[in-house]
Amino acid sequence: MSKMLKVVLIGFAIYVAAAALLLNLYQADPENMSWQERETFNLKQIGRLDLGADKGDVIRLLGSPDISEAKATADGEVLVLFYRTHHVKSDGITTRDECTPLLFKDDALIAWGADAYSEYQSF
Numbered sequence: 009m010s011k012m013l014k015v016v017l018i019g020f021a022i023y024v025a026a027a028a029l030l031l032n033l034y035q036a037d038p039e040n041m042s043w044q045e046r047e048t049f050n051l052k053q054i055g056r057l058d059l060g061a062d063k064g065d066v067i068r069l070l071g072s073p074d075i076s077e078a079k080a081t082a083d084g085e086v087l088v089l090f091y092r093t094h095h096v097k098s099d100g101i102t103t104r105d106e107c108t109p110l111l112f113k114d115d116a117l118i119a120w121g122a123d124a125y126s127e128y129q130s131f
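According to my numbering, the sequence shown holds residues 9 to 131 in order.
Hint data in this document are derived by calculation from the structure and do not stem from the laboratory.
It cannot be assumed that every hint is accurate.
When the alpha-carbon atoms are kept at most 16 Å apart in a straight line, the in silico EDC-like pairs for lysine to aspartate or glutamate are as follows [claimed, not checked]: (1) K79 / E127; (2) K113 / D65; (3) K113 / E85; (4) K113 / D83; (5) K113 / E127; (6) K97 / E47; (7) K63 / E77; (8) K63 / D114; (9) K63 / E85; (10) K113 / E77; (11) K113 / D62; (12) K113 / E47; (13) K63 / D115; (14) K79 / D115; (15) K79 / D114.
Quick list of the computed label-pair ranges, beta carbon to beta carbon [said to hold, decoys possible]: (16) I67 / G19: 40 to 50 Å; (17) A26 / D123: 24 to 34 Å; (18) D62 / D83: 11 to 21 Å; (19) D99 / V24: 36 to 46 Å.
The beta carbon of each residue, even a glycine, is placed where N, CA and C say it ideally should be.
Work out the full structure, taking the sequences as your base and the hints as a guide.
So, in structure tokens, the structure goes:
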């Protein structure tokens, strides 16, 4: 094997190892993303959520919500966290219509999406 081929193979092995480490150890920080990156990140992560997920785990995953609200009902308190997932208007303000609502009861995710929020408003 020629010396040049050895150098290329060693360089490639180092590159693959560095890329694998970066992909496995890198933690995305929603707070440091542009709004476009954050929308994509939020949409992707919300799609992976399971009902019953802990509120603290969701906040650690997605970061601080863009909007939040709570309502006391006969069954207890319902917390709604809104995460920006789609662009509507370039005005510098994030509004509810640009967000996906996540509904929590007793710190557990019970529903998400526009339909779930509409039902929540009728409580």
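Verification of the supplied hints:
Taken as a hint, the K79 and E127 pair is honoured in the structure, with Cα atoms around 13 Å apart against an allowance of 16 Å. Among the hinted pairs, K113 with D65 is consistent with the structure: their alpha-carbon atoms are about 14 Å apart, no more than 16 Å. Restraint check: the Cα-Cα separation between K113 and E85 comes to about 6 Å, which is no more than 16 Å; the hinted pair holds. Taken as a hint, the K113 and D83 pair is honoured in the structure, with Cα atoms around 9 Å apart against an allowance of 16 Å.
Annotation: proposed proximity of K113 to E127 holds, straight-line Cα distance about 14 Å (limit 16 Å). For a cut-off of 16 Å, the pair hint linking K97 to E47 stands: about 14 Å separates their Cα positions. For a cut-off of 16 Å, the pair hint linking K63 to E77 stands: about 14 Å separates their Cα positions. A threshold of 16 Å between alpha carbons decides the hint, and for K63 with D114 the separation of about 9 Å falls inside it, so the pair holds.
The straight-line distance between the Cα atoms of K63 and E85 is roughly 13 Å, inside the 16 Å bound, and the hint therefore holds. The suggested pairing of K113 with E77 holds, with an alpha-carbon distance near 12 Å, which does not exceed 16 Å. Note on K113 and D62: the hinted pairing holds, with a Cα-Cα distance of about 10 Å set against a maximum of 16 Å. Using a Cα cut-off of 16 Å, the hinted pair K113 and E47 is violated, with the two alpha carbons roughly 25 Å apart.
Simply put, K63 and D115 have alpha-carbon atoms about 5 Å apart, close enough for the 16 Å limit, and the pair holds. Distance hint between K79 and D115 is fulfilled; the C-alpha atoms sit about 13 Å from each other, no more than 16 Å. Between the alpha carbons of K79 and D114 the distance comes to roughly 12 Å, so the proposed pair stays at or under 16 Å and holds. Range check, I67 to G19: about 42 Å between beta-carbon atoms, so the 40 to 50 Å window is met.
Here the CB-CB span from A26 to D123 is close to 45 Å, at odds with the stated 24 to 34 Å. For the pair D62 and D83, the supplied restraint of 11 to 21 Å holds, since their beta-carbon distance comes to about 19 Å. D99 and V24 have their C-beta atoms about 45 Å apart, which keeps the hinted 36 to 46 Å range intact.
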